[in-house]
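Work out the full structure: start from the sequences and follow the hints.
Protein chains in written order, with our numbering: chain A, 1 to 344; chain B, 1001 to 1215.
Check each hint, because a few of them may be wrong.
[Claimed, not checked] Listed next, the in silico EDC-like pairs over lysine to aspartate or glutamate satisfying Cα-Cα at most 20 Å (straight line):
#1 B/K1193 <-> B/D1183
#2 A/K318 <-> A/D179
#3 A/K301 <-> B/D1042
#4 A/K104 <-> A/D170
#5 B/K1084 <-> B/D1145
#6 A/K104 <-> A/E115
#7 A/K301 <-> B/D1034
#8 B/K1084 <-> B/D1129
#9 B/K1171 <-> A/E149
Everything labelled a hint here was simulated from the structure, so no lab data went into it. Bear in mind the structure is a predicted one, so any value in this text is a computation, not a measurement.
Each chain is listed here by its residues.
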Amino acid sequence: MSAALKVVRPGLFDTLQDLGRTGFMALGMPTAGAMDRIGLRLANALLGNPPGMAGLEIGVMGPDLLVEADSVRVALVGPLSPAVIEAPDAPPKPLESDRTHLLKRGQILRVGMIEGSSTAYLAVAGGFALPPFMGSLSTYARAGVGGMEGRKLGQGDSLPLAHAQAVPADDRKLAAPFDYGSGPIRVVWGPQEDYFTADGRRTFVESDYRVSKEADRMGIRFEGPVIAHAKGADIISDGIGPGAIQVPGAGLPIVLLADRQTVGGYPKIATVASVDLPRLGRLLPGQAVRFQPVTVEEAEKLRRDQESRIARAIADFKVARPPGGIDLARLYEENLIDGVVYEG
Amino acid sequence: MALHAAVGRAREAGDLPGVIETVPTMRSLMVAYDPLATSRADLQPRIDTLIARGLSAGMASRRITLPCCYDDPEFAPDLAEVAKRTKKTVEQVIAAHLASAFKVYVLGFMPGLAYVAGLDRSLYLPRRDQPRVRVPRSSVAIAIDMTTIYPFESPGGWHLIGRTPLWMFDKRREQPVFLAPGDSLSFQRIDRKSFDRIARDVDAGTFDWATLVRT
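This is how it looks when you write it as structure tokens:
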């Protein structure tokens, strides 16, 4: 029997995502990929997977997954509330997030709600055995490609696992939840800041903007003070990078994210620095942000500094001990047990 | 577009480390780079050098002929109105579309949706006042100074004057997107019978796309 995680109850918007389908924007192909790339990378790092391996991006509320494999090690990353593991022969047990867990056949993982973020990640050791599309497993639902048949997970879907059983290893956890930062969202002006009046640009950086209900993988529409255009709201279309902030005629900013179209005809007042894209990928409707301009050089340095902090978070992973403090590493070393599943 | 090609060649030669991809448009070239591998300060002069060297030479261009059926009113609901507004007969509109020297400039909005310039000047019209909620896949349409082919069923505000039996995006193909920036394009008129025959092959995945391309 092939190894799989079976969706016994779908969540709200769960899709397989890796770090994106790059190289095809010139053909009109959006990159898609994880909204919070840090979350996905940490989930993979906890499992020893390559950083760009596809994992399950949980949107707001996750699925219930039945383990149809001898065993599988999963990593949950993000503020889940918490996930729960159920088995026919045992009481439900809450699972901590930001760590790995060993699951065994017949158990049901109820991923549940996320609290304080719109996205969380579930990765599996060894990854999912699904065919890439144009070099990537990222789901792009509008074209029906990538991931699980190009769509979000549905009832009865079977996510094939690359490995039929987990390799004996310690579970690992983050020493602390990753600090995404809490100040203003850093942006670089342009490329079309000249399409806005000086007052309009001031409004943009001196006002709070609130995430509207129209927020999804394509982008976030913000509500707040109207930004004044200087010479209309139409440009000859040009390329749209991740985090491009379009301001259509109504004067309210739209930040474009993973599933954004590749070109667009509204002027872009600014572009979110890549350091803060994962924060946007976590925002919930109703949350307010402020935008703060930085130079290109500052944006590049912020990103390099963040990369060092990610490397440090990975270097600081701790062995996650089951309740009762059993030292699995020592047990393995002394060959007392071998690949046994513990019950906490 | 020429710069897009020049950057592509420079990347392949290893001259632009850190460049992830580029997106050509009618007004600019977007260069996506990895700030962990390079910086704007390092890249900008390298790209300026490419521009200074001159860009016109060495563009390998494919010449593509797409079959298009103009004859079925279901395929071409706007043909009569386009004729009326351009003061032509329907046959003259079709002839002008067939005679246009088209070139693919930009793909975007949807995967595989090409903005194809070169429409015969006598057919220039603004977009429809009232966009359609559903334009069928593979509709051939014109607006302003361009033509396009819808890769998916989608909303759309262009004038529908025909339909090709081909899919501009087919996820079963090794190269799912058929057109690319720089392609020269012309249309070949087919009747409904030929349309249905080609459509069957395209549906079945047995159509030989190479027959459309000359280099």
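To see whether the hints hold, each was checked on the structure:
As the CA atoms of B/K1193 and B/D1183 are separated by approximately 28 Å, the hinted pair breaks the 20 Å bound. Of the supplied pair hints, the one linking A/K318 and A/D179 holds, its CA atoms being roughly 17 Å apart against a limit of 20 Å. A C-alpha spacing of about 14 Å is found between A/K301 and B/D1042, which places the hinted pair at or below 20 Å, so the restraint holds. Between the alpha carbons of A/K104 and A/D170 the distance comes to roughly 15 Å, so the proposed pair stays at or under 20 Å and holds.
For the proposed pair B/K1084 and B/D1145, the alpha carbon gap of about 18 Å is at most 20 Å, so the pair holds. Distance hint between A/K104 and A/E115 is unfulfilled; the C-alpha atoms sit about 27 Å from each other, more than 20 Å. The hinted pair formed by A/K301 and B/D1034 meets the criterion: a straight-line CA distance of about 12 Å does not exceed 20 Å. A threshold of 20 Å between alpha carbons decides the hint, and for B/K1084 with B/D1129 the separation of about 16 Å falls inside it, so the pair holds.
Annotation: proposed proximity of B/K1171 to A/E149 holds, straight-line Cα distance about 11 Å (limit 20 Å).
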